[in-house]
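There are 2 protein chains.
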Amino acid sequence: MQSKKPLILVTNDDGITAKGIISLQKTMAEFGDVVVIAPDSPQSGMGHAITINEPLRLKKGDFFKNVEAYSCSGTPVDCVKLGIYEVLHRKPDLVVSGINHGINASTNVLYSGTMSAAVEGAMEGIPSIGFSLCSFDSNANFANAMDVVRKVVKKVLENGMPKNVCLNVNIPDVAEGEIKGLKTCKQAHAFWEDRFDKRTDPFKKDYYWMTGDFVAQDTTKDTDLYWIEKGYASIVPTQFDMTAYAAMNEIENWNL
Amino acid sequence: MQSKKPLILVTNDDGITAKGIISLQKTMAEFGDVVVIAPDSPQSGMGHAITINEPLRLKKGDFFKNVEAYSCSGTPVDCVKLGIYEVLHRKPDLVVSGINHGINASTNVLYSGTMSAAVEGAMEGIPSIGFSLCSFDSNANFANAMDVVRKVVKKVLENGMPKNVCLNVNIPDVAEGEIKGLKTCKQAHAFWEDRFDKRTDPFKKDYYWMTGDFVAQDTTKDTDLYWIEKGYASIVPTQFDMTAYAAMNEIENWNL
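Chains as they are written, first to last, in our numbering: chain U, 1 to 256; chain R, 1 to 256.
Since the hints were made in silico from the structure, they are not lab data. Keep in mind it's a predicted model, so treat the numbers as computed, not measured. Don't take each hint at face value.
Put simply, identical chains are the same to the list, so a pair is met inside one copy or across any two.
[Stated by the list, open to error] DSBU-like mimics (lysine-lysine), calculated; alpha carbons at most 35 Å apart, straight line:
1) LYS151 / LYS198
2) LYS151 / LYS60
3) LYS163 / LYS183
4) LYS205 / LYS230
5) LYS198 / LYS5
6) LYS5 / LYS205
7) LYS204 / LYS155
Let's have the full structure, built from the sequences with the hints guiding it.
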């Protein structure tokens, strides 16, 4: 007998044991039947990577109470693909990814495994949402974010999603009830000014750790960074069509 | 004494020993001073992944005649970051990535390490181009693509690049002189209908290889897939602002 509840695929990039996904799968169970497929190790910064040069492992486990759950050796995007085609054998009604431990606003959407899982869901025509908590504190309280998660998920299940679009939701790290509201806005323009911490290993060979500063270049209002700073949760409708339509005329005029 | 020639950073995702980058760095030397920084192993499908959970290695080597070159343990995006901040200590005048062994048209731009390197260049404000040859044949002839590469690079060095944009150039695999022309166009809508080839290892554990069919959903003309099919090289101006501006009103009307 088919359940009438929505089928919700939950994933993340921090790995299946991360605090954020423990909170998220529990809240999602209020809305439907949940299946979790998440990486068996942290996959932050993996962007839209897929695993094609090595095999993938999938392991069913008792990760959560009363929830079907699998750990996967691959990336967040691999998890969505395996979920649809190998575990569920159908498209779920919703893909939710997160809650990421750290902000994924602005151009971080490109590096973020959390958001890439949501983008992959959108490419499959599934309403998909990536949630991130704007805190890198090891004691970050994901429960505070649940009010926003519930509001957004409820609306998406009611209204569906605009075609070929997913949502990038970033939630400020403030006590429950203190979030000022939710703002639909655009991705801020910013970039990472990288630095590499050069070290020498015990075998006298050099290696590098990537570090750096995030440099906001955008002084316009109505960006995700602007609203998060002001205490709002930001919602950026995010598309996978990367065509720069506004630039087409200029390039056509090169007469290539 | 500063050279007046443009400084060109060459990278790829097939790895520093791939045929495509051997051809590309040689052609780039016609236009400026070339530095190659490319992955030490194949990085296809790595998308915009960066390496943050483990250290990076960079190794100078005599990979090419008279060209400064480094292999890197990381992803194509890592190569661009290390290039700017650790090797060149300045932004190059041009980033070129490829020539990829295989098509990177349509939504493959999201999975492609080749294109993600170009997108990273654009995020840094550097004119950047990803080149791909539409052939998976192990005997693919990259020399045939050089006419298109020269034309595009020449125009970019003359005109610069529209702000926050890079180019995704896909070149059909036909004999030199048989390419019908170059078309500026949009990214086709398509997706991968994945299949997973499930196998059992010698230890009786299951594993999966990701395979699948690429399903074009776009019947509109003026897409990259449309023009490549017709024998043209496609040029898609590609941006890193993923905001779905057209969907903002609809989501604002949810009254979140």
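Comparing the hints with the structure gives:
1. For a Cα distance limit of 35 Å, the shortest separation of LYS151 from LYS198 qualifies neither inside one copy, at 45 Å, nor across copies, at 39 Å.
2. Proximity of LYS151 to LYS60 under the C-alpha cut-off of 35 Å is restricted to the intra-copy arrangement: shortest distance 30 Å within a copy versus 53 Å between copies.
3. In this assembly of identical chains, the alpha carbons of LYS163 and LYS183 lie at most 35 Å apart whether taken from the same copy (20 Å) or from different copies (27 Å).
4. For the identical chains of this complex, LYS205 and LYS230 are neighbours neither inside a copy (46 Å) nor across copies (51 Å), given an alpha-carbon limit of 35 Å.
5. With identical chains, the CA atoms of LYS198 and LYS5 are at most 35 Å apart between copies only, with a shortest distance of 30 Å across copies and 52 Å within one.
6. Taking the shortest Cα distances, LYS5 and LYS205 sit within 35 Å of each other only across copies (33 Å), while inside one copy they are farther apart (56 Å).
7. For a Cα distance limit of 35 Å, the shortest separation of LYS204 from LYS155 qualifies neither inside one copy, at 57 Å, nor across copies, at 45 Å.
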